[in-house]
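The listed protein sequences derive, respectively, from chains A and B.
For the first sequence, the tail end lands on 107 under the working numbering, and the numbers increase by one without skipping.
For the second sequence, the tail end lands on 463 under the working numbering, and the numbers increase by one without skipping.
Just so you know, the hints here were simulated from the structure itself, not pulled from any lab data.
Careful, some of the hints might be misleading.
Pulled a few chain A residues facing chain B out of the computed Cβ check, cut under 8 Å [stated by the list, open to error]:
1. 16
2. 26
3. 29
4. 33
5. 35
6. 60
7. 62
8. 78
9. 81
10. 82
11. 89
12. 90
13. 100
Distance condition first, Cα-Cα at most 30 Å in a straight line; then the derived DSS-like pairs of lysine-lysine [to be verified]:
14. 5/A to 361/B
15. 222/B to 80/B
16. 13/B to 154/B
17. 94/A to 385/B
18. 32/A to 403/B
19. 446/B to 462/B
20. 118/B to 11/A
21. 98/A to 361/B
22. 118/B to 13/B
23. 154/B to 32/A
24. 118/B to 42/B
25. 32/A to 2/B
All C-beta atoms in this analysis are idealised placements derived from N, C-alpha and C, irrespective of residue type, glycine included.
Below are the chains, spelled out letter by letter.
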Amino acid sequence: MNEAKKGDFVKIHNIVLESSQRAPNVPEDTQKVPLEMWVNGFLLSETAETGDCVEIETFAGRRVTGEMVEVNPGFFHTFGQPVKELLRVGIEAKKIIKDYNARNDMP
Amino acid sequence: MKDLSYKSVMARKSEIMKQAVGIDYENYEIEGIAFDYERMMKEVGYSLEEIKTIQKETCVGSTPLVELKNINSLIKAISKPGKGARVFLKDEAANPSGSFKDRRASVSVYQAQKFGYKGVIAATSGNYGAGVASQAAKRGLNCIIVQETFDSKKNGQPEIIEKARACEYYGAEVVQLTVGPELFYYFLLLLEETGYFNASLYTPFGIAGVETLGSEIAGQMKEITGKEPDYVVVTHAGGGNLTGTARGLKKVGAHSTKVIGASVDLFGLHMASDGDFNRKSFTTGHTGFGIPFATFPDRSDVPRNAARALRYMDDYLLVTQGEVFYVTELLAQLEGLLRGPAGNTSLCAAISLATTMDSDKTIVVQETEYTGAGKSPYPQLNFAKSNGVEIITGNPSESIPGKNIVIPESPGMIRAKRYSLESLRISYINQAKKAYCKTEFSEIEKTFISEDIKENFDDVVKE
Chain A
1 MNEAKKGDFV KIHNIVLESS QRAPNVPEDT QKVPLEMWVN GFLLSETAET GDCVEIETFA
61 GRRVTGEMVE VNPGFFHTFG QPVKELLRVG IEAKKIIKDY NARNDMP
Chain B
1 MKDLSYKSVM ARKSEIMKQA VGIDYENYEI EGIAFDYERM MKEVGYSLEE IKTIQKETCV
61 GSTPLVELKN INSLIKAISK PGKGARVFLK DEAANPSGSF KDRRASVSVY QAQKFGYKGV
121 IAATSGNYGA GVASQAAKRG LNCIIVQETF DSKKNGQPEI IEKARACEYY GAEVVQLTVG
181 PELFYYFLLL LEETGYFNAS LYTPFGIAGV ETLGSEIAGQ MKEITGKEPD YVVVTHAGGG
241 NLTGTARGLK KVGAHSTKVI GASVDLFGLH MASDGDFNRK SFTTGHTGFG IPFATFPDRS
301 DVPRNAARAL RYMDDYLLVT QGEVFYVTEL LAQLEGLLRG PAGNTSLCAA ISLATTMDSD
361 KTIVVQETEY TGAGKSPYPQ LNFAKSNGVE IITGNPSESI PGKNIVIPES PGMIRAKRYS
421 LESLRISYIN QAKKAYCKTE FSEIEKTFIS EDIKENFDDV VKE
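Turn these sequences into a full structure, and let the hints steer you where they fit.
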């Protein structure tokens with residue numbers, strides 16, 4: 001459980017459309033699940049805990065109500081581990097160029 | 001109190017859009033499918049000179065164009081004697097938010113400011129969001145970016161999360177949604193609630209903004225090689241990049257330059273499917289947008305799409321995801337340019353094309369995009385693996401989108417596939433019939449269609 005106080009930057013969550021309300025033309029797997037929404041903003045109530053229904057003010061100044069799911073939400077995407085299938089690409093390409101240049105008397 | 005149900009909001013679509021883009025599209029309607037495209041572009045858009053001034057104010061455009069000499073050596077090494085065209089690259093990553101999308105955003109946001117809108121909204125999971133957010137920051141407007149980010153398990157494409165980060169850093173509100181075309185419904189709700197400008201990718205403003213990209217290429221190539229390029233290869237998704245670039249080339253007289261569209265082949269994956277969403281490693285520049293938008297441009301978020309790819313496309317090439325990741329490595333390690341990956345779709349097609357062309361020909365790859373955490377080959381391939389996609393080394397012809405990604409064994413295996421423009425044109429006509437509930441078109445409509453698909457209507461139908 002996370003607590004936040006007025007003015008804290010938090011993330012809220014909402015169901016925009018229940019699965020029964022989804023557009024008629026969406027694929028079956030999408031039809032089975034609701035359309036969900038997340039948005040960040042500054043908490044307007046005095047205090048709140050994750051799971052509470054709260055009101056926030058977004059960067060654009062909009063007031064939005066929803067379930068508080070995160071306090072001080074960050075970004076944790078990374079550059080990740082090397083992919084072995086790509087590690088050889090540069091080395092091999094340089095060798096092809098070097099061999100070609102040698103065959104054609106180029107520096 | 002307005003009815004906010006899905007059905008009612010969608011029914012108010014044209015009314016909301018009229019408010020939100022300040023264009024009365026009715027003015028340009030002629031009959032059925034026919035509308036006066038050129039008059040719309042002229043009256044609503046801006047001249048090249050005006051766009052240059054607008055873009056200069058926010059540091060957009062005038063990006064470097066460089067010959068990829070080491071990649072060109074590689075191309076020569078894998079081509080037959082006498083073959084191997086020279087490839088040049090327009091480094092659009094040098095724009096403020098790191099992609100050519102700043103050109104599109106610059107004119108839209110300028111227009112919003114001029115018309116007195118308090119803010120701008122764009123529906124995009126791509127670089128365009130960062131472009132709009134950056135331009136809005138510079139011009140002091142509020143900004144909301146609506147993204148399709150997650151599948152129903154709340155797994156987000158790392159590339160899209162990175163773009164959310166960029167938008168938020170530029171001070172935009174980022175609304176993140178799960179998979180589904182009803183994003184458009186939420187987008188309409190937001191437009192109605194805020195009264196902001198719809199910085200759509202498909203207004204005449206957005207397209208006019210890309211025209212400078214075409215005109216710059218023609219000028220820079222003349223400076224370097226003494227003539228206009230033989231080919232310009234454009235990564236094709238919604239059609240705006242291709243349309244704007246081609247129009248810019250024509251405006252400065254580069255009529256002999258051929259404009260080639262290139263997309264990543266994602267056949268078999270459904271763009272609105274919750275299950276397929278994270279089984280693709282490209283969120284744009286792929287056939288999932290490229291083909292539907294080429295064959296029915298008016299599917300966009302405005303009544304009449306200013307991006308009309310078939311009007312300008314001279315050829316259409318498809319490449320695989322693995323090939324694009326491969327050339328992303330080449331660009332970094334041979335040219336010292338860490339860019340892409342999605343923006344390198346056109347580079348990939350250009351390398352393949354160059355091997356088949358005479359060595360005195362020139363090809364311009366007209367964009368690059370910035371690279372970041374989440375938005376580069378390693379995180380995207382690791383993400384693909386974690387979603388059950390197999391990464392293998394082999395022949396790209398064995399690629400199956402959503403099942404595997406094949407990294408070519410050697411550069412000689414990079415082979416773009418030609419996708420027939422004829423079949424796109426036939427599909428255009430069939431979809432037009434469906435959309436307008438017609439079996440026959442009037443002469444006026446046929447003339448419009450002929451212009452819109454760059455081929456005589458009757459000739460296409462005969463075949």
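Structure-based check of all given hints:
1. Annotation: interface hint on residue 16/A holds; nearest CB of chain B at approximately 6 Å, less than 8 Å.
2. Hint status for residue 26/A relative to chain B: holds, with the closest Cβ pair at about 5 Å, below 8 Å.
3. Because the closest C-beta pair between residue 29/A and chain B is about 5 Å apart, less than 8 Å, the hint holds.
4. Residue-level restraint check for residue 33/A holds (minimum Cβ-Cβ distance to chain B is 4 Å; threshold 8 Å).
5. With a cut of 8 Å, the hint placing residue 35/A at the interface with chain B holds, because the nearest CB-to-CB distance is about 5 Å.
6. Hint status for residue 60/A: holds, given a least beta-carbon distance of 4 Å to chain B, under 8 Å.
7. For residue 62/A, the interface hint holds, the least distance from its beta-carbon to any beta-carbon of chain B being 7 Å, beneath 8 Å.
8. The interface hint given for residue 78/A holds, since its Cβ lies 5 Å from the closest Cβ of chain B, which is under the 8 Å cut-off.
9. Restraint check, residue 81/A versus chain B: the minimum CB separation of about 6 Å is within 8 Å; hint holds.
10. For residue 82/A, the interface hint holds, the least distance from its beta-carbon to any beta-carbon of chain B being 6 Å, beneath 8 Å.
11. Residue-level restraint check for residue 89/A holds (minimum Cβ-Cβ distance to chain B is 4 Å; threshold 8 Å).
12. Hint on residue 90/A holds. Least Cβ distance to chain B is approximately 3 Å, under the 8 Å limit.
13. A distance limit of 8 Å between C-beta atoms decides the matter here; for residue 100/A the minimum to chain B is near 3 Å, and the interface restraint holds.
14. A threshold of 30 Å between alpha carbons decides the hint, and for residue 5/A with residue 361/B the separation of about 64 Å lies outside it, so the pair is violated.
15. With a C-alpha separation of about 27 Å, the suggested pair residue 222/B and residue 80/B falls inside the 30 Å cut-off, and the hint holds.
16. Between residue 13/B and residue 154/B the CA atoms are separated by roughly 29 Å; this keeps the pair inside 30 Å, and the hint holds.
17. Restraint check for residue 94/A and residue 385/B: the C-alpha separation of about 28 Å stays at or below 30 Å, so the hint holds.
18. For the given pair, residue 32/A sits about 23 Å from residue 403/B by alpha-carbon distance, which is consistent with the 30 Å threshold.
19. At most 30 Å may separate the alpha-carbon atoms for a hinted pair to count; residue 446/B and residue 462/B meet this at roughly 13 Å.
20. Simply put, residue 118/B and residue 11/A have alpha-carbon atoms about 24 Å apart, close enough for the 30 Å limit, and the pair holds.
21. Restraint check: the Cα-Cα separation between residue 98/A and residue 361/B comes to about 23 Å, which is no more than 30 Å; the hinted pair holds.
22. Using a Cα cut-off of 30 Å, the hinted pair residue 118/B and residue 13/B holds, with the two alpha carbons roughly 21 Å apart.
23. Straight-line distance between C-alpha atoms of residue 154/B and residue 32/A comes to about 15 Å, which keeps the hinted pair within the 30 Å bound.
24. Proposed proximity of residue 118/B and residue 42/B is supported: the alpha carbons are some 26 Å apart, at most 30 Å.
25. With a CA separation close to 28 Å, the supplied pair residue 32/A and residue 2/B stays within the 30 Å bound.
The structure does not agree with numbered hint 14 stated previously, though it agrees with all others.
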